[in-house]
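Asker: Chains A and B are the protein sequences, given in the same order. Using my numbering, the first residue of the first sequence is number 1, and each one after it goes up by one. Using my numbering, the first residue of the second sequence is number 1001, and each one after it goes up by one.
Calculated directly from the structure, the hints in this document are not laboratory data. This one's a predicted model, so the numbers in the text were calculated from it and none came from an experiment. Fair warning: there could be bad hints in the mix.
When the alpha-carbon atoms are kept at most 30 Å apart in a straight line, the in silico BS3-like pairs for lysine-lysine are as follows [what the hints assert, rightly or not]:
id	chain 1	residue 1	chain 2	residue 2
1	A	Lys132	B	Lys1108
2	B	Lys1088	A	Lys52
3	A	Lys96	B	Lys1108
4	B	Lys1088	A	Lys96
5	B	Lys1118	B	Lys1108
Okay, the calculated beta carbon distance ranges per label pair [stated by the list, open to error]:
id	chain 1	residue 1	chain 2	residue 2	range
6	A	Ser165	B	Gln1044	27 to 33 Å
7	B	Gln1044	A	Lys52	29 to 35 Å
8	B	Lys1066	A	Gln122	39 to 45 Å
9	B	Lys1108	A	Glu76	18 to 24 Å
10	B	Ser1070	A	Pro74	37 to 43 Å
11	A	Glu22	B	Asp1076	35 to 41 Å
Calculated from the model, a selection of chain B residues having no Cβ within reach of chain A, i.e. all distances over 10 Å [what the hints assert, rightly or not]:
id	residue
12	Pro1072
13	Thr1084
14	Gly1121
From the three backbone atoms N, C-alpha and C, an ideal C-beta is built for every residue, glycine too.
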Amino acid sequence: MSTDNHAIIAEQFQEAISELFECYTGVAPRISGHNDEVIDSEITAIVTLCDKRIQASASITTSMDSAASVADFPIECCADWLGELANQLGGRLKNKLNGFGVQPVLSTPTTVHGKGLRLHTQADVHHSLRIKFMGGQMLIELAVDLNEDIQLEPQLVECTSEEGSLELF
Amino acid sequence: MSANVLVVDDSASVRQQVSMTLKQSGFNVFEAEDGAIGADRIAQGGIDCVICDVNMPNMNGIEMLKKVKSDPLHKDLPVVMLTTEGSKDLIVQAKQAGAKGWIVKPFKADLLIAAVEKLAGAAV
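Turn these sequences into a full structure, and let the hints steer you where they fit.
Answerer: Below is the structure:
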């Protein structure tokens, strides 16, 4: 299996994280690889992206305070907000993968309360990223399985609209 | 007279965020947590514009849009989809089903307000 596909997905995932956080905080976050250092965490939101050729799970693990600090409005329910953030991150990655000829379905986010939760899967490749921004930090993980025959190719025709865009008909 | 806007989304945070944005611009805002509840609220009358998510349990946004547009009383009600979905094929589907606009999350407040002012203003 080509490692280029995984490298493409990793790059698109990091871009999606950076763009999403910049939308809300105004500044691109610092993204680094995560070792097993413990981070302050109380809550985890998970989404999946699947089709016949790709199966991926993405999770965001953080504290309530860090999650709330990303929002540009007062948060009433942190679990719901983190789930929505995971939803928007998954959606952004999905739109990017559309640009490479893949159309995965994005799941409804699931949010779990607990300290030190981590994504653990049997997936081929697992990315763990520490995200630092003004209000705190998060652990964002992506586990990916790809079919042997997949080859991600940039599509010539633009097939998705940009995040934040408005079209009136 | 302020226009009445219905926000339909299964995420309480998104409903809160959109409501806050629109209320600050003088709109009256009502909320529904899925397409079925949204359709029922529209049927009660008094709504001038709808902001609606696509992927929701119970009844999704496209299903709600089709149901609303099948009612002669509400066939001209402007509905703008607000969603993470950016697929142009899906946007075309929504347009054919009668949507008046499409916003990809996260939304920009000035664009959302401008869209509602244009569509709800035309309706009131």
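Asker: The structure should be examined with respect to each hint, and the outcome stated for every one.
Answerer: Now for the hints, and whether the structure bears them out:
| no. | hint | verdict |
| --- | --- | --- |
| 1 | Lys132(A) - Lys1108(B) | holds, 24 Å |
| 2 | Lys1088(B) - Lys52(A) | holds, 21 Å |
| 3 | Lys96(A) - Lys1108(B) | holds, 20 Å |
| 4 | Lys1088(B) - Lys96(A) | holds, 13 Å |
| 5 | Lys1118(B) - Lys1108(B) | holds, 16 Å |
| 6 | Ser165(A) - Gln1044(B): 27 to 33 Å | holds, 32 Å |
| 7 | Gln1044(B) - Lys52(A): 29 to 35 Å | violated, 43 Å |
| 8 | Lys1066(B) - Gln122(A): 39 to 45 Å | holds, 40 Å |
| 9 | Lys1108(B) - Glu76(A): 18 to 24 Å | holds, 22 Å |
| 10 | Ser1070(B) - Pro74(A): 37 to 43 Å | holds, 38 Å |
| 11 | Glu22(A) - Asp1076(B): 35 to 41 Å | holds, 38 Å |
| 12 | Pro1072 | holds, 21 Å |
| 13 | Thr1084 | violated, 3 Å |
| 14 | Gly1121 | holds, 13 Å |
Hint violations for this structure: numbers 7 and 13, all remaining hints satisfied.
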